[in-house]
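Student: Just need the whole structure built from these sequences, with the hints factored in.
Residue numbers (the numbering used here), protein chains in the order written: chain C, 156 to 609; chain G, 725 to 1073.
Honestly, the hints are just simulated from the structure, not real lab data.
Take the hints with a grain of salt, since some may be wrong.
[Stated by the list, open to error] A short, non-exhaustive set of chain C residues, derived as facing chain G with CB atoms under 7 Å:
{"id": "1", "residue": "F230"}
{"id": "2", "residue": "G245"}
{"id": "3", "residue": "G255"}
{"id": "4", "residue": "G267"}
{"id": "5", "residue": "L322"}
{"id": "6", "residue": "V557"}
{"id": "7", "residue": "L583"}
[Stated by the list, open to error] Straight-line distance between alpha carbons at most 30 Å, and here's what the computed DSS-like set of lysine-lysine pairs gives:
{"id": "8", "chain 1": "G", "residue 1": "K1061", "chain 2": "G", "residue 2": "K982"}
{"id": "9", "chain 1": "G", "residue 1": "K1061", "chain 2": "C", "residue 2": "K275"}
{"id": "10", "chain 1": "C", "residue 1": "K275", "chain 2": "G", "residue 2": "K987"}
Small disclaimer: the values here were computed from a predicted structure and weren't measured.
From the three backbone atoms N, C-alpha and C, an ideal C-beta is built for every residue, glycine too.
Take a look at the letters that make up each chain.
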Amino acid sequence: MEQALTVHRLHFAFTITFHYIFPQLTMGLALLLVYLKTKFLRTGDEHYNRSARFWARIFAINFAIGVVTGIPMEFQFGTNWAAFSRAAGGVIGQTLAMEGVFSFFLESSFLGLFLFGEKKLGRIGHWLSAFLVFVGSWLSGYLIVATDAWMQHPTGYVLGPHGEIELSSFWSLVVNKWALWQYAHTMLGAVQTGCFVMAGVGAFYLLTHRDEIYGRTFVKAGVLVGAVAALLQLTPTGDMQGRLITEHQPITLAAMEGLFQTQSGAPLAILGQPDVAQRKLDNPLEVPSMLSFLTYRKWSADVRGLDAFPENQWPDTIPLLYYSYHVMVGLGTIFIAVMVLSAFLLWRERLYGARWMLWILMLAVPLPYIANTAGWMTAELGRQPWLIYGLMRTAQGISPKVGAGNAWFTLIGFMGMYTLLAILWLFLVYREIELGPEPGASLDTETAVIIAAD
Amino acid sequence: MGITWFWLVAIMLTVYVLLDGFDLGAGAIHLLVAKTDEERRQVLASIGPVWDGNEVWLIAAGGTLYFAFPALYASGFSGFYLPLMIVLWLLILRGSSIEFRNHIKSKVWDPLWDFVFFASSLLLAVFFGAALANVVRGVPLDASGYFFEPLWTNFQLGDEVGILDWYTILVGVFALAVLVMHGALWVRMKTSGPVSERAAALARRVWFAVLALTVVVTAVTFKVQPQLRENLTTLPLGLILPLLAVVGLAGVQFALIKRDERKAFFASCLYITGMLTSVVFGVSPMVLPARNPIYSLTVNGAKASDYGLKVGLIWWVVGMLLAAGYFIFVYRSFAGKVSVEKDGHGHGY
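Tutor: Structure representation (structure tokens):
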């Protein structure tokens, strides 16, 4: 039983981590596509439209993989987490079903029109289809975050006679305050992925002296939107999430920060390795009293450490939780530095010639993916040992009749399948970048395609 | 409230089969009706803008099933663990093949994805048929409210059943024949030239197999699931729904003879709707029959709280009206026969 629990957790963790590589880019790009289409509509400058078409091709590849890796997520609630689904399906099924009914229909319908129907729709119609794809994907993001937020901070429910969790207030489920802040924080993360990818590709073009007019547009759009998103990521959204955790999940806070002992004027650990057996942080690099200030806005405030709580309520993977959180915050800080500095250079009209900065922008592309993954790991590992915080333990949620052997079988199958998808994804996206925003400008398209294929 | 949702989920799944059914069928006949690269792009172009939206019906129906009947979702999905995972892998391969094929033109790239598209579509049709047959036949639910089916045991209808036995394989083959006909009629309607002609010829031939299998499977099913026969002798729905299927099937052949492509496709839709709703009506009020009837899951045993179902009805109606609007708009935008020259090549867009 113990072993089956581990495999089911790995199964979900692996499939969701891989899946989220794709929506974080498509949600971010959806916003930037609306920006490019709007620029085209207002200026009539065809290069904005070609830019939009170029990013639409990259969007489509990512969207397709996002769709095919997304369907398994919905299924897994039933296949691997049947006891959880039986108990809570009446509540979280609402938001999941709404995602299908309100956003997927919208998104898939208008993406087809956006990709295939530019000639038929005309300029305004095509702008509208881009906008509706954006609305659909951001709505989808909200409904998924609301589902997770309910598991973090359940509201609007009553317990039925047989322990089933029944919905009692639709609105508290849909406008859970946890969901609102978590959504803002999550979407800013997605926007940063979109911005870093767009700016990174632009920097690549500028560094290699090709398609430079597009390179400048991509870098500019990525840096301007990215700088705003990076700042908002820290405050208010990151800060408010932290305060919600302080208030509602104090044990999680202590574990994230590596705070083993309750103390007043608690320090903020920047670096250090948690030693759970010895109940201490090795090689700590700390800012004195900072944690007290950040959580309670008072330098001398008492912050409860892990020692204030019974051990069976502690998250079960404290070191991983601690590192996830620190990686997220560390990278978030780097993003602010990179984006604000780039924006400053842009304002001084020196960015396009500053090769060192363009190098940094190009090499930074993988970092927001890591930060977003680490952020989700912080949220989900921090919720442990609960599946629904305070209501249902993770160990109680698995499918009672699906054993470790069958779960391993499908986990290995997914690993193989996703390895292939990852290779295809990198290959096809790199190929689009290599072909560039004006494929076939000098060569006949078919020839260019064949050359690239060789 | 429970019965309302039972039928709403059934309707969503029926719409899923009608829509994704034609693109699955198109995949299953892809290598047969289209020989050259240009012909294959015709088949792909006929489903390219819509297959993703069609598949959303499965996701939306799944989500609706989840919140309206959480106990059914939990039992059914964990019990059908292995076949569902295989279905997921096939859906991944199929989606990849449609989306990635036209990115590169090469003598190894296109045929590879054409084959993956064909094989995954064909297997999905068989698996969906077998899945439906598992539900009709009944699953080994016990007092815990859960079950787990291996992929196969001894292929017999005993107490220790597997996903695949002679009955479920028979229905799987039947489903494949039906979707081949349905897909061929779609390709007939949406393409032109040799592809369209081959699809029409294929549809005419498969029609006889569908007719024969309809009779055989119906007779066998009445033996395997006595509740079905009992319900279908209840008037008037028990008469009307099967009658729709008969009229639809006859209509397909009639329209093919008259060379009316649209009527043939819509007659096929009518046939599938009649067959599926007959099955749904036949097993109700069970949502998941058990091999041992005392453990069968019923509408009342599986449904969520009345409050949730009532709230759900409000947003569901609004959402489905919107979705119907998008679908009509999209299908009208891509109405008429496809032409691959106009859609271009190289990137698929």
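Student: Evaluate each hint against the coordinates.
Tutor: Against the structure, the hints come out as follows:
{"no.": "1", "hint": "F230", "verdict": "holds (6 Å)"}
{"no.": "2", "hint": "G245", "verdict": "holds (3 Å)"}
{"no.": "3", "hint": "G255", "verdict": "holds (3 Å)"}
{"no.": "4", "hint": "G267", "verdict": "holds (4 Å)"}
{"no.": "5", "hint": "L322", "verdict": "holds (4 Å)"}
{"no.": "6", "hint": "V557", "verdict": "holds (5 Å)"}
{"no.": "7", "hint": "L583", "verdict": "holds (6 Å)"}
{"no.": "8", "hint": "G/K1061 <-> G/K982", "verdict": "holds (19 Å)"}
{"no.": "9", "hint": "G/K1061 <-> C/K275", "verdict": "holds (15 Å)"}
{"no.": "10", "hint": "C/K275 <-> G/K987", "verdict": "holds (27 Å)"}
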